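Asker: Okay, here's what each chain looks like letter by letter:
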Amino acid sequence: MVESEVRLLPDDDRSWRLEAYLRRNGYQAARRALTTMSPEAVVAEVCKAQLRGRGGAGFPAGTKWSFVPKDAAGPKYLCVNADEGEPGTFKDRLVLLRAPHALLEGMLIAAYGAGLRTAYVYVRAEYAGLAARLDEAIAEARAAGFLGGRVFGTGFGLEVVVHLGAGAYICGEETALLESLEGRRGQPRLKPPFPATVGLFGAPTVINNVETLAAVPQILARGADWFLGRGLPGDGGTRLFGVSGAVRRPGVYELPVGTPLRTLIEVHAGGAPDGRRVKAVIPGGLSAPVLLPDEIDFPLDVASLARAGSMLGSAGVVVIPDGTSMLDVLRLTARFYAHESCGKCTPCRIGTSWILKTVDRLRRDGGGPADLDHILRLADGIRGRTLCPFGEGAALPIRALILKFRGELEQAAAR
Amino acid sequence: MSGAGTVGLTIDGRPVRVPEGTNVLRAAGQAGIAIPHFCFHPGLEVEGHCRMCLVEIEGLPKLELSCATLVREGLSVRTSTERVRQARRDVLEFLLAEHPLDCPICDKAGECLLQDYYDLHGRHAGRMIEPRERREKKLAIGRKLILDRERCVLCTRCVRFLRAYTRTGELGIFERGLRSEVGIFEGRPVDNGYSGNLVDICPVGAITAEDFRFKTRAWFLAKRPSVCPHCARGCAVSVESVRGYPLADGVQRVYRITARENAAVNGHWICDLGREGRRDIEDGRRVRLLRQGAPASGLSWQAALTEVARALRQVPGPDRAERVAVVLNSRMTCEELDLAKRLFVSGPGSGRVFFADRRPGPADGLLLTADRVPNGRGVLEAGFEPRPADLDGLAASRVLLVFGTALAGLHDPREIARSFAAVPEKFLFAAHAGPLDKLVDLAFPVAVPAEKSGTYVNIEGIRQSFSRAFEPPRGVPAEGEILIGLVRSLGLSLGDLDAR
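Taken in order, these protein sequences are the chains called U and G. Going by our numbering, the residue at position 86 of the first sequence is 86; the numbering climbs one at a time, nothing skipped. In our numbering, each residue's number is its place in the second sequence (first place is 1) plus 1000.
Quick caveat, the hints were computed from the structure, so don't treat them as lab data. All of these numbers come straight from a predicted model, not from anything done at the bench. Heads up, a few of these hints could be off.
[Claimed, not checked] The calculated DSSO-like cross-link candidates involving lysine-lysine, where the alpha carbons are at most 27 Å apart (straight line), are:
id: 1; chain 1: U; residue 1: LYS191; chain 2: U; residue 2: LYS279
id: 2; chain 1: G; residue 1: LYS1138; chain 2: G; residue 2: LYS1215
id: 3; chain 1: G; residue 1: LYS1144; chain 2: G; residue 2: LYS1062
id: 4; chain 1: U; residue 1: LYS191; chain 2: G; residue 2: LYS1138
id: 5; chain 1: U; residue 1: LYS70; chain 2: U; residue 2: LYS191
id: 6; chain 1: U; residue 1: LYS404; chain 2: G; residue 2: LYS1062
Kindly generate the complete structure, drawing on both the sequences and the hints.
Answerer: Encoded structure:
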């Protein structure tokens, strides 16, 4: 674990207030950025820190900011993706709970760097209580002059609006989030154009994850080199790793990017409870292809997970114990994607449901290897054939479950 | 075609040059390569979600949407590699897995994209063992449109059309995922003057028109181009008729009028008024010659026309201008108007020429114009100064020729009867039965615009020539033939104006 004074999350739930945040040198980074640095220098610093998006795609945040056209007339927006819906992921929740001002400070810095004057925080409906806390934090920051017009006496200002979603997983996809925010059906848009040029209400828009923005003040406070040094070259900083399932100490762990997955599970989270063994690990939220217990010896960073045939995604690690029916896991996975498919693209709309119907038939009536092949074929019909990454996110974990647990699945389905 | 404003690319090895801003799908179409698609429609914004039009583009790892990819210089596109064909098969298989396959009773059968594409790109056996979703199969969504949700492929063309074109937005997609369905908002059915286009643009049999359902089959229909005569826009239409089956041999019916693309006039759409012009062709027609309101059996129109010519000749030349009155209309073609001008303005028939047309209605800001006649500009271009028919003026004539039934809608019937009673010899040439039939000596049947050839000049001055979309009923002439007959009988030369 990292030293307490530079952690993103304070230990307890009571220190979320502005007063406590200021005691931890809160808003000093934003003050420094706004009063002593040019927007370009801010973006350059974050680029240099190699802060990768913590939402799932892992796109470098600074690069994203630099795509916003500088000389575009009219409004430009910052959207904060607080629609944390990936199963197995619960770390943004903790940021909103314990460090809402770190998020607000990060937003202030991002908005200054990219030249944005209005921010929307899109909070999932299930986090309504956290949205209320965020509103309180916004009121505190505004009263202290950290939000609103002329922040720190500069010409820069930022208005922040909190918006509650309505419970759809797909609204965590950035363009569906924009549609939803605009009051329409939450469904992904065709890209290009990308949000950086045509985003919210047709204006240039930056969309960042909660944790991503909350990490930004650290970079400005201590410098890009310090931040980069805490992680890996090309993937800087610490991340909030969520661990759930069959471990002794499930929770959110703030650890350097590159911490070995096995260390996270066995050391930090305490490993499997007494008498249980780890059967499978989903390393980055449900959309990340499942790993076997002997496949978890690599560092937790975007590139390493991709090499391992999975993905770091939202860094939500789900540990599945022995005794769990993988047919049940397959069913649960299939059900999630069939339920959450927005229905826009043909392969995803019908493919995910067809997979679920097939899995349900296997569980009800039994079946053979041909049925598993059929599911693989359906998954192949979805992946790479949809507008947004949901199709990939549905097809890949289902494929991995079948490929890695084929024997068990065949046995479970056989009658 | 080359040079500024165009882009050169290669599609399946064929060099293609198209205007900048064209998408790959359309560019391929110009090269004669059809890329299958459901959600793309050239008149609507690109959505890119049916996933049927995926193609391979050199240098890009994934399959790309041909509808959403604009042409670039040097682009190399492959539309029929195994990867592309597999993607098409997969999309088709997905769509068909949840499709009711009720083609035998589906009115779209024969002109359904799902059928066509299955034949071209699918040809797989069904692998869906699980029960498919059951959905509403005959939901009335307004304006005599019926929605079959089982057949719907969720292309959203209908939804987008109502948002972008009519801006009425009556349809939306409800629910999510597999439960997604097209629907109307409570108490707000489809209600706009362009609703019929939804049937035209639906790629499958999801939206059908109540008055076409179960009446015939698409493959029996002869589809002929014509120009809509119901307002001054002159939209391009297709008149779809059947001779014979399922009716007795020789009986012809127009089953529908659909939109035809004309970028300069109407784009891809027509209004419902024009579409319902089918009624104008089908209903209220008078196909028999009447004498004093009663069928004149055994009398051909040619023979009857000699009576008209005799009546005209009986008026002494110097009196003709004062004693012969003619009521023309702006549904007549330029060619007919020209003949009428020769006959009644400068020629020996020359009488007083009036015009009687349907009353204007409100323009809708889209296609429908206030003028509800197709050739008002043609009337002016022919050199007429259209005067409305005044009944006293008509009553003062010795011979009266009336073309069309519009007069009856413009005046009090008793006034018309009084006026006509004062005229010794009067003749009517009209396609539809009406109150004037009984007031004249002879009432000739004539063709409606779709049954004849000619030229209309639309509200923007665009001249549009069209040919006969189908045959008029036996023994029914076009006004042009009537006028040519009169020209001949009166010894005038047709010159180069032979409109036959």
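Asker: Hint by hint, say whether it matches the structure.
Answerer: Results of checking the hints against the structure:
1. Among the hinted pairs, LYS191 of chain U with LYS279 of chain U is inconsistent with the structure: their alpha-carbon atoms are about 39 Å apart, more than 27 Å.
2. Under the criterion of a C-alpha separation no larger than 27 Å, the hint pairing LYS1138 of chain G with LYS1215 of chain G is consistent with the structure, at around 16 Å.
3. Taking the CA atoms of LYS1144 of chain G and LYS1062 of chain G, the gap is about 43 Å. The hint is violated against a cut of 27 Å.
4. As the CA atoms of LYS191 of chain U and LYS1138 of chain G are separated by approximately 36 Å, the hinted pair breaks the 27 Å bound.
5. Taking the CA atoms of LYS70 of chain U and LYS191 of chain U, the gap is near 21 Å; set against the 27 Å cutoff, the hint holds.
6. For the hint linking LYS404 of chain U to LYS1062 of chain G, the alpha-carbon distance of about 26 Å falls within 27 Å, and the restraint holds.
Violated hints for the displayed structure, listed by number in ascending order: 1, 3 and 4.
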